[in-house]
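**Student:** Residue numbers (my numbering), protein chains in the order written: chain A, 1 to 306; chain B, 1 to 306; chain C, 1 to 306; chain D, 1 to 306.
Heads up, none of these hints are tricks.
Note that identical chains are pooled: a pair holds if it fits in a single copy or bridges any two copies.
With a straight-line cut-off of 25 angstroms between C-alpha atoms, the simulated DSS-like cross-links for lysine-lysine are:
hint: 1; residue 1: K271; residue 2: K215
hint: 2; residue 1: K284; residue 2: K174
hint: 3; residue 1: K160; residue 2: K125
hint: 4; residue 1: K18; residue 2: K284
hint: 5; residue 1: K160; residue 2: K31
hint: 6; residue 1: K174; residue 2: K31
hint: 7; residue 1: K103; residue 2: K284
hint: 8; residue 1: K83; residue 2: K125
hint: 9; residue 1: K56; residue 2: K160
Bear in mind the hints are in silico, worked out from the structure with no lab data behind them.
Protein chains: 4
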Amino acid sequence: MMQELLESMLEEHRHWTKMGAVATYIPELSKQDSESLGICVYDLTGEVYHAGEWDKPFTMQSISKIVTFMCVLQDNTMDTLYKKITVAPSSDGFNSIVNLETKNEHRPLNPMINSGAIASIELVKGKNVEEKYERILQMIRFLADNPSIEVNQSVYLSEKETGDRNRALAYFMKSTGTIESDVEELLDAYFRLCSVEITCKDIASIAALLANDGKSLRDGRELMSKKICKTVKAVMTTCGLYDGSGEYAVSVGLPSKSGVGGGILAVSPHKMGIGVFGPALDAKGNSMAGVKLLESMAHRLELSIF
Amino acid sequence: MMQELLESMLEEHRHWTKMGAVATYIPELSKQDSESLGICVYDLTGEVYHAGEWDKPFTMQSISKIVTFMCVLQDNTMDTLYKKITVAPSSDGFNSIVNLETKNEHRPLNPMINSGAIASIELVKGKNVEEKYERILQMIRFLADNPSIEVNQSVYLSEKETGDRNRALAYFMKSTGTIESDVEELLDAYFRLCSVEITCKDIASIAALLANDGKSLRDGRELMSKKICKTVKAVMTTCGLYDGSGEYAVSVGLPSKSGVGGGILAVSPHKMGIGVFGPALDAKGNSMAGVKLLESMAHRLELSIF
Amino acid sequence: MMQELLESMLEEHRHWTKMGAVATYIPELSKQDSESLGICVYDLTGEVYHAGEWDKPFTMQSISKIVTFMCVLQDNTMDTLYKKITVAPSSDGFNSIVNLETKNEHRPLNPMINSGAIASIELVKGKNVEEKYERILQMIRFLADNPSIEVNQSVYLSEKETGDRNRALAYFMKSTGTIESDVEELLDAYFRLCSVEITCKDIASIAALLANDGKSLRDGRELMSKKICKTVKAVMTTCGLYDGSGEYAVSVGLPSKSGVGGGILAVSPHKMGIGVFGPALDAKGNSMAGVKLLESMAHRLELSIF
Amino acid sequence: MMQELLESMLEEHRHWTKMGAVATYIPELSKQDSESLGICVYDLTGEVYHAGEWDKPFTMQSISKIVTFMCVLQDNTMDTLYKKITVAPSSDGFNSIVNLETKNEHRPLNPMINSGAIASIELVKGKNVEEKYERILQMIRFLADNPSIEVNQSVYLSEKETGDRNRALAYFMKSTGTIESDVEELLDAYFRLCSVEITCKDIASIAALLANDGKSLRDGRELMSKKICKTVKAVMTTCGLYDGSGEYAVSVGLPSKSGVGGGILAVSPHKMGIGVFGPALDAKGNSMAGVKLLESMAHRLELSIF
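Just need the whole structure built from these sequences, with the hints factored in.
**Tutor:** And the structure:
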């Protein structure tokens, strides 16, 4: 029944892909098929359902920010975190630099926007940036239960080549002491993490783990602490769709994280993990059809956390 | 057992009242006993528990904003609402004017900050401001199931006398066409709504109704639509504690609305409604001990929505 | 020869009146004939030259800010002034409110923008706002050597009725303690001063006095101290055409003050005082043809102070 | 007499050096002797006067911005310039990034702040950044009539090493298309220009040329067009001392450009060129004693342009 539901809902909302546009500021992303739409759902018994282009690979982009954040939470106390990054929602775009100069003592407002994610990498355990990067990549594979996950090299190179706005954010934070690492190394890790290639199934798997408060769907073993899972879901709810987070909380009501690659990872606590993919984006950088599909699904299955 | 729990937790956290300070910018509020602390809980069977100064009256202040917002949602479509006010979290203080000039097409970011609440009153049904005000006041009485709720006249006069920052917000919105009413009339309604005097029990009662998705605890009759209740809880979660909303979502994890009078209305969906009162505030204008008490309670009873 | 020059230059530049538009946010101003253009020049021997609609009355609007500022300078030390208002150029529009919240310790950046001019009135000597207003009005008459100068009542009423943005500025400053007077009284004085009706000849006369370092053209008597005249000319140069001041300094190079009524008062130190009038404004609120005419004249007569 | 005046005034104001502090954000600058104070004056007959540490070398820092700007004006029309950089005064600090995101269509407000100066280099004629840099360096030598002027290598390396804020500005402009060159190459040129080592005499010489409207003091030959000289002096007046420009126009009243190396180049049109050096800075980054000395001198010799 879930299977049929996903299939019918997906077709019902596919026309929304035509209302959005693929990201163009990263040239490689602009090559995506704008009409793609896929979904994958994991329920907490480990059952998987999917429809559309659910197994088409795409890059995580900002979805990687939540895995980085989970590593940060494992490796730091909240007090250590708050010295460098807060968890305040932002009403500016994901790549805004204004707040770094004018408020919050030069700390990024939250780890879900670019500045905060770049600064987050530094807070992950590791002797050097490379080790920090490796730890996060391994965590993605571990949480998605998919050891074959890799970086898409051409997207990575495209990000690196055109990542000047991110460079501005990073150098600004270097100048204020918010970060201390070599900027290009840190950005290189950031660009690679954005370019990690996954499918709807991979992110649904991570979402399911968050939905299950960190316990393995297979054997109930704790893979991530409950406290960290709750913190991540709270921050996803207030900051996960950038400056569209408030409207999304009203229309969908699920802790979620979007990426400009077109993916959205959505968590229905104690019920299911969801991954959607639709690269045509709305004005705020979130998957156009993906949001519509999740809205409809949350409504039909009464998933809102509120 | 709930009764004992409340009593012991309240005493355990009362020392936090000494870490905050009562609001002083409204002279009448500065007269409050800063060491007060009270709590009231309604479970969804209608059972009531309380501890401390649970029946000490205090003024709603910003807590009234959620009732105004419920009226707005009853009287408007989301599209009509979004033309005037969005539901985007703000990283600025509750009385900030900057965003009205620089972004969001002169619309207040959300109805939980002062500018948004003032503009909200205008969207409530009514031939004139007085009728709009009456509708909101009646709604407060109705939702709290307490017809004897009244405005505290001396607080109201104190607000009116010192409300120049709110005047600035309102006149700015008048100049951009965001509001059209007579500014002083609209502010008068706003000041009176802020000065509505309630107790922990009253706000716990409203919270319980939201927790029950709008259905009466007594007879299950729908007093407010489920959709409106979910919208209100979503907006409370992302914007309810001003620029402290993000950190509060992490530490407490309950849709809540605070007021500078010291009250916090917190909703545990499908479980209970909670009202706390502690007039000593933290730097962001939220009850110092109230937040600590709710954090501890959410943790002990596993109430977080995430 | 000056007479012929003025006449030919005026006709040469009249077509620029068609490129601008009369102010519409004050309804009375929108009734002006957009194709008017006039100029009057006083040389320092007291000789007067004029062309076009030089004797058509128009309202001073922001030009009154320099007379208010002269009174402020007579009645205060620079230190007293700087406690309330600075003399820093602004890169925002004349009615911007952002800076009052975010920088300069809630002080208006300079006395040539609306916030600064409103706050200036309070710093003028006088037992009450009415006396302060009277002092400034008398100063206008005295400096223009024209006792028959009066307020245009219909413009004043129009300003008062539509002055919500100015109300926002004033109430904001009241809330931060930048001003202490009754806001409506202070604004009433401000609106009346904006509505003072003058001609090109009147402002050329004031300009000539500034050009002559405060000494009467008739008898050399000091009507205003040299120091005040220099201060006023410095502030006119850096702030006199709002956020267009920088470009104007390059293209014209004369200490000047514009008003949305279409007037510009321009000072050529030790040479002449100039008044122009052309109510069709550019995007920054400055007379379109007026600026072009002054640019051409400054070039032809080598008047730039640089 | 001028000689005696300079000597007595310099000693009179030397105590102000103790009220400021040398720049510390560029480590090499912090090694300067904070009590140094020197002055040099060129009158338009070519006569030179000096006092104090007038021949002590120091780095140009932001004073180089005016020579870069002169090259820009030689190589571009105003229209070409305005497409990339405006000439609007800024009320933010010299290294502010906020305006690049929020206003002026991502153009730096003016060429006297860091962002504007970096963008200016690109507008100078040259096949590549190296040629542009060479053109500006040669222009410095040419205008100062001193072919032995060189870059201070240790300051340059110090700037390069600690220039992260400037990197943030440049990468931001790269991301918006305001600049197109390789960022590190452009910054390298910028850092070298900031590190050009000169004396009070060198900048007095450049100032004298500006005072003489571009004509050689020796033989009256036009070394720089009058129009460019006037434009530079206008922009120096409105923007030359960063956000302290307004107050400086009032207290001194001379087109000037300061640098965090402690130098100030001041122009008294048609009278003289002045160079001062005092590395102890005020809060806005301008020479503390230098400003006081110029204020006193402008007053004593009636030099104000207003």
